[in-house]
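Here the protein sequences come in this chain order: A and B.
Every number in my numbering is 80 more than the matching position in the first sequence, counting from 1.
Every number in my numbering is 90 more than the matching position in the second sequence, counting from 1.
It should be emphasised that the hints constitute simulated quantities derived from the structure, not laboratory data.
Fair warning: this is a prediction, and the values are worked out from it, not measured in the lab.
Incorrect hints may have been included.
Below, in silico cross-link-like pairs of lysine-lysine (PhoX-like), each with a Cα-Cα straight-line distance of 25 Å or less [stated by the list, open to error]:
no.: 1; chain 1: B; residue 1: Lys371; chain 2: A; residue 2: Lys153
no.: 2; chain 1: A; residue 1: Lys89; chain 2: B; residue 2: Lys128
no.: 3; chain 1: A; residue 1: Lys156; chain 2: A; residue 2: Lys113
no.: 4; chain 1: A; residue 1: Lys113; chain 2: B; residue 2: Lys131
no.: 5; chain 1: A; residue 1: Lys156; chain 2: B; residue 2: Lys374
Covered by chain A, per the in silico footprint, the following chain B stretches (three or more residues, Cβ under 8 Å) [to be verified]:
no.: 6; stretch: 321-330
no.: 7; stretch: 334-348
Beta carbons: idealized from backbone N, C-alpha and C, even for Gly.
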Amino acid sequence: MEIEDFLIKFTGCFDDIEPGVILPETEFRNLEKWDSLTALTLLAMVDADFDVSISANELRSCNKVQEIFELIKQKKS
Amino acid sequence: MPLQYLDNVVVKGIAACIPKNKVSNLDYTLLSLEERKKFIKTTGIEFRHIAEAEQCTSDFCYFAAKSLIDELKWNKDEIDILLFVSQTADYPYPATSIILQDRLGISKSCIAFDINLGCSGYVYGLGVISSMISSMKMKKGLLLVGETASKTTTISDKSAYPLFGDAGTATALEFTEEFGRMYFNFGCDGSGYKAILMKSGNIGGRFPVTVESLRLKKVCDGIERNDSHVALEGIDIFNFSIHEVPNTIRMVIENNNININDIDAFILHQANFIINDTVRKKLKISEEKVPYTLKEFGNTSSASIPLTIVNKLRNRVINDKIKLLLCGFGVGLSWGAIVLDLEKIICPDLIEI
């Protein structure tokens, strides 16, 4: 899995964010559209596309999009 | 491994009753209009029927049971067991089932007790009552399952308030000399008890009701509640559901050598759309086989499975024989799945009071 691929999928968890707006260094909690429903949509995507689950604590420890990507990669390996 | 099926019990009827008072999440002004639309899209929940202050779970169950007994033309003296499954009983004690025995005019020789379970309650209730009817050769049994979950939350908690609707249901069961087999799988995980928690509810609990416990406290923006309101941990509930639900469904099917293609419909507890649809996709079940009533009624806790049968499968269960897989999951954490046949049962129109 490449980070570009993950960014497209991550952006897809939001209704109306253009591709290219969310970057690896984006602190996703600061996005205006981020909320608890987006978190569930993200977890559903990660489960469906990567067959990995992320706990509430693990998600809490991530600030940047890159960190979620690394977490998934680590869990896949 | 315990026995995972039982024989000689047949479901004769299912009825459901909801409050007349209908509210729309589009009118929930604690969220912006954009947030309301996102909420409805993600959870699938648009409308909810909300009990009036004086309406209790037992009232909805009472009217569902009354209409079912009337349509079945049951002799009430033959009702040997009455079970009430709910977390919103009339009183901390006595058990609401006992009050309902008198209210419904059922014989004093009836066994009546309550089971305190939420979203998994319908399948647990069905397992317990069927097992007692089968083993004790009882004639008839009444399973009353419902919740007024809207009363356990408050309008100032955006994480819980727009999810829950209210309903009461009744399921009629009889002993049969014929096959009448049901298959079960049950489980629980107490380590997750905080995921769905009402911390304080009565005087004798771990956190007794006090003036202070009833004071609204701010948890974060958009979440203000007291200790007698339900507190939900969304991510924990999601993760639990998408693992244990497919698991229990696979177990009941595989352990009993059931062909998944023989199941006509999968009735999942109506938690919310994103959970239920993730489960459906994991099991690779087609959309037509998984009916939803989230849009109309929201999450009605233990009532959601029978309510969905009455609302979405009424014609089929009245006219045909269909094989259903029912799966409840939630507060506890607790879960279970049942496979059973419903054949030409009595199913009154959805009742509103």
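Hint-by-hint comparison with the structure:
1. Lys371/B x Lys153/A: holds (23 Å)
2. Lys89/A x Lys128/B: Given that 25 Å is the threshold and the Cα spacing comes to 18 Å, the pair holds.
3. Lys156/A x Lys113/A: With Cα atoms ~28 Å apart, lysine 156/A and lysine 113/A exceed 25 Å; violated.
4. Lys113/A x Lys131/B: Given that 25 Å is the threshold and the Cα spacing comes to 15 Å, the pair holds.
5. Lys156/A x Lys374/B: holds (22 Å)
6. 321-330: holds (count 6)
7. 334-348: violated (count 0)
Hint compliance for this structure: hints 3 and 7 are broken, all remaining hints hold.
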